[in-house]
Amino acid sequence: MSERRSFIRPYGDRLNDGAVQLSFSLPMSLSARSREAAKSIAGRLGLDQIRLVSALDLGNGFSFYILYGTTMVEIDDQAIHLTEVERPLLDFWRINQLLEFELKKRVTVVGATIGTDAHTVGLDAILNAKGFGGESGLERYPQFRVVNLGAQVPPDEVLEAAREQRADVVLVSQVVTQRNAHLENLSLLAEMLEAEGIRQDLLLICGGPYIDSQVALEVGFDAAFGPGTTPLAVASLIVEELLRKAQ
Amino acid sequence: MSERRSFIRPYGDRLNDGAVQLSFSLPMSLSARSREAAKSIAGRLGLDQIRLVSALDLGNGFSFYILYGTTMVEIDDQAIHLTEVERPLLDFWRINQLLEFELKKRVTVVGATIGTDAHTVGLDAILNAKGFGGESGLERYPQFRVVNLGAQVPPDEVLEAAREQRADVVLVSQVVTQRNAHLENLSLLAEMLEAEGIRQDLLLICGGPYIDSQVALEVGFDAAFGPGTTPLAVASLIVEELLRKAQ
Amino acid sequence: MRLPISSEQVRHCRKLAASIAQEVKAEISPLSTVSVERSLLRLVGIEGSNQESVPLVNCFIDQITGQRALEDGALYWLSNTILATGESPQGIAERVGAGSLDLVRLPRQPRRAIEDLCRQIVQDALVTLFGKQRQRREMEESLARAPSPWLYVIVATGNIYDDIEQAKAAAEQGADAVAVIRSTAQSLLDYVPEGITTEGFGGTFATGANYRLMRGALDEVSRRSNRYVRQVNYCSGLCMAEIAALGVLEGLDILVNDALYGILFRDLNMIRTMVDQHFSRYLLGLFDTIIVTGEDNLIKTIDAYEEYSIVLVSQFINEQLAKNAGMREERIGLGHAAELDPALQDSFLKELVQAQLVRQLFPRSPVKFMPPTRYKSGNIFFAHALDTLFNLVSVWTDQAIVLLGMPTEAIHTPYLQDRYLSLESALHVRRAAGSLGRELRFLPNGQGAARARQLLAKTEESLTRISEDGLWNSLASGAFSAIRRTRKGGRGYDGVFRKGQFYQNPFLSREIVRRARRETAAT
Amino acid sequence: MRLPISSEQVRHCRKLAASIAQEVKAEISPLSTVSVERSLLRLVGIEGSNQESVPLVNCFIDQITGQRALEDGALYWLSNTILATGESPQGIAERVGAGSLDLVRLPRQPRRAIEDLCRQIVQDALVTLFGKQRQRREMEESLARAPSPWLYVIVATGNIYDDIEQAKAAAEQGADAVAVIRSTAQSLLDYVPEGITTEGFGGTFATGANYRLMRGALDEVSRRSNRYVRQVNYCSGLCMAEIAALGVLEGLDILVNDALYGILFRDLNMIRTMVDQHFSRYLLGLFDTIIVTGEDNLIKTIDAYEEYSIVLVSQFINEQLAKNAGMREERIGLGHAAELDPALQDSFLKELVQAQLVRQLFPRSPVKFMPPTRYKSGNIFFAHALDTLFNLVSVWTDQAIVLLGMPTEAIHTPYLQDRYLSLESALHVRRAAGSLGRELRFLPNGQGAARARQLLAKTEESLTRISEDGLWNSLASGAFSAIRRTRKGGRGYDGVFRKGQFYQNPFLSREIVRRARRETAAT
Ligand code: B12
Ligand code: B12
Ligand SMILES: Cc1ncc(COP(=O)(O)O)c(C=O)c1O
Ligand SMILES: Cc1ncc(COP(=O)(O)O)c(C=O)c1O
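Protein chains in written order, with my numbering: chain A, 1 to 247; chain B, 1 to 247; chain C, 1 to 523; chain D, 1 to 523.
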């Protein structure tokens with residue numbers, strides 16, 4: 001059974017029962033009042049048949065709640081708007097072929113994890129020869145030239161490198177997102193590239209486990225990749241976009 | 001720190017961040033579309049800053065989602081309406097004293113788990129001498145006479161016993177609530193007692209881990225007890241209510 | 001990772017249990033029950049119900065009971081009628097159901113002819129069933145073998161169609177066995193409901209039609225995922241024998257079948273239950289079906305640490321009763337459970353010891369280990385942690401069948417995703433800790449070894465007392481979880497009868513069984 | 001539950017590590033760094049910052065550095081100035097900070113007088129600090145002892161006030177140690193920020209003021225709940241020595257302090273780091289503070305199964321470097337982590353063996369065991385299952401300090417409730433499996449024992465190579481997680497200097513320390 005119907009609701013025990021599980025803490029000691037508050041919050045989120053199944057005191061005036069409830073919300077299957085594009089993946093051979101014979105150039109990719117972020121594993125998974133998920137990284141593609149600047153790179157150094165290396169693509173990784181640290185970094189880089197007048201010569205792509213595509217596009221990126229991204233997905237997009245730009 | 005402020009919102013990492021965790025399944029195979037559907041549902045539940053942190057294929061055309069988001073919902077601390085009453089507990093000695101010298105009678109309690117429900121542990125916890133949570137059960141109180149009918153008792157047998165034993169209180173337990181089995185049983189009993197004209201002579205109380213007090217009152221009960229109830233809580237309410245009725 | 005226990009003591013326990021079982025067998029041999037008789041009718045192919053939805057097998061037995069002719073048994077009357085009317089068994093049953101045929105009024109046919117016909121009917125039925133069994137085993141062998149332990153999950157929506165969707169999902173997620181939980185208290189019904197059902201309380205009715213639908217669904221996933229997924233249901237209650245027949249007819253792989261459960265937890269009559277369990281096990285043994293017993297129930301309401309030995313006592317008795325009914329140890333899945341209070345000091349160690357002890361006492365049994373339920377609360381995270389530890393004990397001590405705990409045990413019958421999460425944890429533990437048992441040893445003088453010895457001593461003591469008092473008196477005196485039952489009390493006693501002089505049941509004949517096997521092998 | 005390994009081989013590993021450490025010590029003895037000098041100023045009581053928010057200790061060192069007078073060290077110039085002006089250390093620092101005092105321009109006082117004053121100032125400082133230490137230990141002893149292992153959790157809101165709320169809650173929930181995670185990359189700052197901070201990224205800045213606030217809060221819960229709750233922070237990076245001083249001043253109980261972390265993971269200069277780690281450990285040793293090392297980092301980006309021995313290599317080296325700095329084994333909490341891929345066959349057994357091996361190699365170390373992080377995904381339920389198994393390994397192998405894993409590891413820095421759930425699982429496991437290690441034995445010829453022997457052999461091999469090449473060259477050739485660093489490369493090399501002929505640091509004097517102890521004891 002794959003897509004069953006065109007209106008979709010959560011399923012717990014039966015089709016369309018709308019069953020949902022919820023949990024959160026409250027800045028209140030555990031009491032009858034706090035339990036009531038927890039149930040009210042679930043109610044205000046539009047849940048029905050609310051069952052408060054666990055209420056735990058966390059100490060120091062806090063408490064934690066686990067609830068189940070049902071929702072009437074349903075999603076029209078036909079009207080789902082994809083922000084995450086499911087692009088047809090090209091293969092290694094086809095990518096190199098397109099670059100060599102259609103785009104007719106070797107593509108320079110500059111990659112970096114910017115700001116104070118020191119997480120390199122994600123970007124390396126895309127760039128390093130070793131790759132990710134059984135796929136080779138971009139370094140292994142004869143038609144890509146990869147310059148990996150590593151971690152904790154200030155945006156101005158990325159700009160510098162992009163200019164020096166005559167980059168076709170800039171790939172930035174952002175993993176630390178607490179207090180939206182990544183948004184500041186990403187916007188800053190996009191603005192700097194714009195201000196220096198080289199933004200339009202580049203594909204500007206970011207990635208990381210907690211990046212919201214929508215927001216990334218808003219701050220000026222061409223594309224964003226989330227958790228589980230494979231090198232092939234990135235390479236495919238690059239080829240597609242560069243060919244489109246070249247036309 | 002106990003009650004901090006009068007408007008209360010969920011707390012994850014900071015006061016008022018409104019952080020909430022959510023999970024549910026959908027009757028769709030895992031895909032970009034299904035992930036989008038999951039996020040839409042969270043959005044329609046009024047969550048902001050939605051992060052879909054896990055999306056798992058359950059096989060057979062189903063999938064499961066774990067999300068975090070924030071809610072703007074806040075509860076006015078002053079306006080919390082208590083359905084669950086936090087009653088001051090009397091003690092063993094005081095209860096017997098009130099019954100002996102104020103109410104001036106030994107109270108007969110008839111207890112049963114009704115319908116096809118075979119869960120006796122909950123009711124026994126309240127009634128049996130052994131008790132629960134370190135407290136003695138009602139059998140241990142000299143001023144209570146306990147008739148425990150056990151499990152799987154049809155409502156008409158409860159009625160019969162209540163009449164025969166001249167019960168002052170009827171205690172019913174309902175644990176199996178799937179497909180609302182308990183509601184049918186509870187309503188039926190309340191209606192039968194009414195029809196037989198003995199409802200007003202009795203305190204009618206139910207209990208069980210998934211009983212919603214509000215609903216229990218609606219179908220005609222005087223009180224309902226939830227998980228973790230202790231014999232003392234039940235005995236206190238009985239005394240209070242019987243004294244109130246006697247006035 | 002063996003515990004140092006005395007094999008002498010183990011042998012003694014087994015001997016005591018054998019004598020308890022032997023006494024039971026002697027008493028029940030001359031008896032049969034309405035449920036056994038109905039099961040015979042089902043086995044020879046009668047199915048369906050009449051216009052009032054009464055199953056035809058019930059109509060048949062009710063009619064002869066009403067005429068005080070039950071003592072000769074179902075097969076006698078069926079054969080007599082066939083000889084008298086030339087009709088087919090199903091045709092006869094339908095006429096009985098419609099009220100247009102009076103079985104006992106027909107002239108009694110020659111005894112010899114009846115006997116011959118009975119044997120023929122039964123032999124034919126057996127050939128068909130052995131044939132089905134062979135096909136099923138062939139299918140199983142054509143697929144990849146399930147790793148050990150088997151991961152067993154339940155579905156319990158009340159609606160067989162929802163059950164099927166969820167069972168298929170569970171199978172794809174890695175379940176090795178799927179049980180459909182029964183609608184509550186089906187044990188108390190003295191008939192098996194008919195047809196496809198979509199309403200139940202806390203579970204789904206066990207019916208032949210529901211079995212068939214589920215079987216088809218599981219066969220489909222099994223083939224698709226190249227892993228034989230076993231179908232489980234409950235063979236207990238007033239229809240124990242009939243359910244066994246249905247299980248055999250519909251190709252179920254595992255049946256929950258306990259000799260004492262109905263008596264203790266459903267207040268069924270003890271004689272009735274003993275007769276029923278004997279024949280049900282005989283049948284299941286014939287078709288090499290696995291049974292699993294329900295010792296988990298024994299420690300659901302008493303102190304599971306102090307009184308744990310009752311589990312072992314019941315296992316020894318269940319084992320011997322099943323062996324007496326002709327089952328081999330490899331098919332007697334004795335049950336036990338991890339129900340210790342998590343607040344107990346060293347509860348993990350204690351569970352480990354108990355699990356290992358059971359494994360060691362019954363080395364050939366496909367023992368079934370059941371997860372924590374009593375001390376679970378609505379805290380689904382902590383429940384998941386508890387289950388993960390349970391999974392570890394299961395894998396470590398090499399249990400054969402593991403019923404997976406659910407994070408939502410204290411909340412609802414499992415949701416689709418609950419089963420996924422349980423399987424995910426169990427699959428991980430099976431992969432991560434598969435060799436643990438081969439790598440570690442118990443210290444011979446540790447508290448673990450002491451606990452094992454203490455449990456075994458207590459078990460021996462109880463078995464000694466029970467064998468002295470006899471099983472009936474022991475059930476009356478509260479030897480099992482302090483529940484007391486009288487010999488003639490409880491439901492279903494009126495369905496027990498002493499077999500009359502014409503009584504026929506060739507299923508019990510070695511000769512017929514041998515012939516049927518030979519015939520099956522030849523085709 | 002010992003693994004059968006060769007104690008000869010273990011001794012050899014230790015000897016190799018000692019020779020590696022000895023060589024380092026010889027090279028760094030004549031050196032000091034700006035961070036060490038600033039730490040001396042902090043120890044004698046200088047605090048605060050100037051109008052531009054530059055810490056006064058930085059103003060002081062920057063001034064003498066600018067005047068090329070750094071080689072004589074901070075205490076020389078401080079004493080000289082006191083003698084010349086009669087002002088207090090704090091007063092002097094404030095004037096330096098305001099730019100109204102030029103230290104090097106003052107006339108040089110007689111060497112003997114300076115030496116005497118230095119010794120006096122340091123002795124007084126030590127007396128104060130020893131006094132504080134004594135009070136703290138008295139408080140600890142007045143409370144109930146924390147059971148083993150200590151459960152260690154982190155708070156990381158970025159805002160010290162939120163951190164405090166969460167730390168108090170965690171303490172009430174049963175945490176034995178609470179660490180405030182630092183704002184990312186504080187290691188790279190060559191100063192310690194001042195004051196109370198409420199903004200940070202992925203953590204909260206380490207400042208004296210933040211330490212003090214947290215200390216007060218934890219003392220409050222400790223008293224309230226009659227359980228001494230330990231305060232933890234990070235002592236690493238360019239201010240390693242200064243943070244050690246702050247830790248001692250503010251009464252921290254545990255500091256994360258690794259000799260190689262800064263070099264490998266923050267690209268700090270190796271000479272700078274070695275000098276800083278030496279003095280920081282000397283100081284922490286003096287006040288009997290526990291350090292914990294960061295070997296978890298080594299296996300975060302490489303194959304944690306194939307390359308696990310690097311953890312042991314680093315532990316042996318960390319141990320010897322710390323002992324060279326005067327620490328006793330009971331205070332050197334060597335770090336390790338359970339980072340094997342859960343997809344690996346027998347991963348649980350492998351983690352168990354690794355954890356037991358560490359425990360056995362460093363029997364007196366308060367080893368710190370860290371949870372799975374790399375292979376966690378947003379599936380909080382599975383993450384919780386993994387952490388529960390990790391908790392079991394921790395308790396079973398008797399680790400001393402256990403950093404608890406979080407169900408939301410792959411999502412965010414822990415929420416309030418995440419910590420609760422982790423503690424709940426760990427508290428359960430500590431209670432449920434506390435005796436496990438005393439009840440079980442490894443088979444001498446199992447795969448576990450083989451793995452232990454293989455790891456030890458590989459460790460011996462690596463240590464041999466490193467002791468032949470020397471630590472500097474080994475760091476250059478990628479011996480540690482394939483990261484390569486050059487001797488003069490990395491941040492902070494310009495802060496290293498060779499001590500001049502007037503250089504003073506009486507904290508290193510056994511004599512002064514002995515006198516200060518005697519004086520403290522007398523009061
Ligand atoms: C390994 C790790 C570390 C290592 C990093 C080693 C290294 N060289 O990278 C060390 C130990 C150094 C570390 C340190 C810290 N970490 Co860290 N770390 C992790 C951990 C455990 C795994 C991350 C990882 O390697 N994932 C594997 C890779 C393959 O996945 P990925 O990053 O998602 O990448 C994939 C996709 O996202 C995508 N992708 C990623 N980048 C890009 C870029 C482009 C262009 C494209 C196309 C695709 C793409 O493709 C990749 C392949 O599919 C996570 C927790 C977790 N389990 O996720 C925490 C985590 C990421 N760390 C965290 C934090 C806070 C820190 C610290 C800041 C803590 C502190 N204050 O000290 C420090 C400081 C580091 C710093 N300055 O940034 C938090 C982040 C919280 C948040 N949401 O903001 C996490 C989630 C842990 C937690 N729960 O607190 N960390
Ligand atoms: C023990 C148990 C059993 C035992 C019962 C033994 C017995 N003699 O009671 C056995 C094994 C027989 C059993 C069987 C079944 N069970 Co059952 N069982 C449980 C279990 C594990 C614990 C229940 C318990 O004893 N709790 C301890 C007591 C003390 O708590 P309590 O009941 O909440 O009672 C307290 C309060 O609620 C209150 N209270 C309760 N009653 C009353 C009454 C009054 C008047 C008052 C004042 C207070 C009060 O006071 C008590 C003390 O604080 C739960 C799961 C769980 N962990 O909760 C499942 C559970 C309750 N069982 C369940 C089901 C479905 C069944 C079956 C129907 C399954 C089946 N189809 O076969 C069967 C059939 C039984 C039947 N016909 O009802 C479901 C119910 C789902 C639902 N929400 O509808 C549960 C939740 C398991 C699950 N996740 O599926 N079960
Ligand atoms: C051994 C055994 N048989 C049967 C059942 C369920 O059947 P019923 O509810 O119809 O008694 C159970 C339920 O747990 C059981 O443990
Ligand atoms: C040993 C060690 N020191 C210090 C830190 C953190 O400090 P920073 O981010 O300032 O380098 C870590 C972080 O994990 C660590 O493992």
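Simulated from the structure, these hints should not be mistaken for laboratory data. It is possible that some hints are incorrect.
Non-contacting residues of chain A with respect to chain C, defined by C-beta distances greater than 10 Å in every case (computed) [unchecked claim]:
(1) D13
(2) S31
(3) S40
(4) S54
(5) L82
(6) L89
(7) P154
(8) E241
(9) L243
Selected chain B positions facing chain C (in silico; Cβ < 8 Å) [unchecked claim]:
(10) S25
(11) L58
(12) K130
(13) L183
Below, a list of computed lysine-lysine pairs in the DSSO-like style, where the Cα atoms sit at most 30 Å apart [to be verified]:
(14) C/K488 to C/K132
(15) D/K323 to A/K130
(16) C/K458 to B/K130
(17) B/K130 to C/K300
(18) A/K130 to D/K15
(19) D/K300 to D/K323
(20) C/K25 to C/K458
(21) C/K458 to C/K132
(22) A/K245 to A/K105
(23) C/K25 to C/K15
(24) D/K132 to D/K458
(25) C/K323 to C/K499
Note that CB positions come from ideal geometry on N, CA and C, so glycine has one too.
Against the structure, the hints:
1. D13: A/D13 not clear of chain C: closest Cβ-Cβ about 5 Å, inside 10 Å.
2. S31: 17 Å, holds
3. S40: Correct as stated: the minimum Cβ-Cβ distance to chain C is 18 Å, above 10 Å.
4. S54: Non-interface label on A/S54 violated, nearest chain C Cβ at 4 Å vs cutoff 10 Å.
5. L82: 24 Å, holds
6. L89: 25 Å, holds
7. P154: At about 41 Å from chain C, A/P154 clears the 10 Å cut-off, so the statement holds.
8. E241: A/E241 is indeed farther than 10 Å from all Cβ atoms of chain C, at 37 Å.
9. L243: 40 Å, holds
10. S25: Interface hint status for B/S25: holds (5 Å vs cutoff 8 Å).
11. L58: Hint on B/L58: holds, closest Cβ of chain C at ~5 Å, below 8 Å.
12. K130: Cβ of B/K130 sits 11 Å from chain C, so the hint is violated.
13. L183: Constraint on B/L183 not satisfied, violated at 12 Å.
14. C/K488 to C/K132: 39 Å, violated
15. D/K323 to A/K130: 40 Å, violated
16. C/K458 to B/K130: Distance of about 25 Å is within 30 Å: holds.
17. B/K130 to C/K300: 16 Å, holds
18. A/K130 to D/K15: 37 Å, violated
19. D/K300 to D/K323: Holds - the C-alpha atoms of D/K323 and D/K300 are around 27 Å apart, at most 30 Å.
20. C/K25 to C/K458: 25 Å, holds
21. C/K458 to C/K132: Between C/K458 and C/K132 the Cα gap is close to 44 Å, so the pair fails against 30 Å, i.e. violated.
22. A/K245 to A/K105: 14 Å, holds
23. C/K25 to C/K15: 15 Å, holds
24. D/K132 to D/K458: Judged against 30 Å, a Cα distance of about 45 Å means the pair is violated.
25. C/K323 to C/K499: 23 Å, holds
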